[in-house]
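Colleague: Sequence:
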Amino acid sequence: MHQSIAKRSFGLLKRVGIEEEITFTGGVTKNTAMVQVLNELLETEMNVSEESHFMGALGAALFALERARGGAIPAGEEVA
Numbered sequence: 042m043h044q045s046i047a048k049r050s051f052g053l054l055k056r057v058g059i060e061e062e063i064t065f066t067g068g069v070t071k072n073t074a075m076v077q078v079l080n081e082l083l084e085t086e087m088n089v090s091e092e093s094h095f096m097g098a099l100g101a102a103l104f105a106l107e108r109a110r111g112g113a114i115p116a117g118e119e120v121a
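Heads up: the sequence shown runs through residues 42 to 121, numbered per this note's numbering.
There could be a bad hint or two in this list.
[Claimed, not checked] Computed Cβ-Cβ distance ranges for the label pairs, DEER-style: (1) L53 with A101: 19 to 27 Å; (2) R49 with G112: 29 to 37 Å; (3) L99 with A74: 20 to 28 Å; (4) L82 with G112: 33 to 41 Å; (5) G112 with T73: 38 to 46 Å; (6) L99 with T73: 19 to 27 Å; (7) E86 with Q44: 17 to 25 Å; (8) Q44 with A102: 33 to 41 Å; (9) E107 with E81: 36 to 44 Å; (10) Q77 with R110: 37 to 45 Å; (11) M96 with R49: 15 to 23 Å; (12) E62 with E92: 16 to 24 Å; (13) Q44 with E92: 22 to 30 Å.
Think of the hints as simulated: they come from the structure by calculation, not from any bench.
Think of the CB as a built atom: it goes at the ideal place given N, C-alpha and C, for glycine as much as any other residue.
From just these sequences and the hints, can you work out the full model?
Modeller: Right under this line is the structure:
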């Protein structure tokens, strides 16, 4: 199953373009078999943070902040 999902993900990555450095985020990063299969398909070692499973929550918090401010967060602005 990991192989099938990883191959589909790899196909999508090829369509949008694969960069030299890849960072993998989200809860799936806790699935070591999936990370290993993707690393093999990509022929590289992806960046995977110990806290990568929090990235979805961080993104949701940033969207909430944007809405609370009444608009978009200007590019380059740091959010504290």
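Colleague: Could you run down the list of hints and mark each one as holding or not?
Modeller: Results of checking the hints against the structure:
1. L53 with A101: 19 to 27 Å: holds, 22 Å
2. R49 with G112: 29 to 37 Å: holds, 36 Å
3. L99 with A74: 20 to 28 Å: About 25 Å separates the Cβ atoms of L99 and A74, which means 20 to 28 Å holds.
4. L82 with G112: 33 to 41 Å: Holds - the Cβ-Cβ distance for L82 and G112, about 40 Å, lies within 33 to 41 Å.
5. G112 with T73: 38 to 46 Å: Given range 38 to 46 Å: holds, Cβ gap about 40 Å.
6. L99 with T73: 19 to 27 Å: For T73 against L99, whose Cβ atoms are near 22 Å apart, the range 19 to 27 Å holds.
7. E86 with Q44: 17 to 25 Å: holds, 18 Å
8. Q44 with A102: 33 to 41 Å: holds, 34 Å
9. E107 with E81: 36 to 44 Å: holds, 37 Å
10. Q77 with R110: 37 to 45 Å: Because 41 Å falls inside the window, the suggested range holds.
11. M96 with R49: 15 to 23 Å: With a Cβ separation near 21 Å, M96 and R49 satisfy 15 to 23 Å, so the hint holds.
12. E62 with E92: 16 to 24 Å: Given a distance of about 18 Å, which is inside 16 to 24 Å, the answer is holds.
13. Q44 with E92: 22 to 30 Å: Holds - the Cβ-Cβ distance for Q44 and E92, about 27 Å, lies within 22 to 30 Å.
Hint compliance for this structure: every hint is met.
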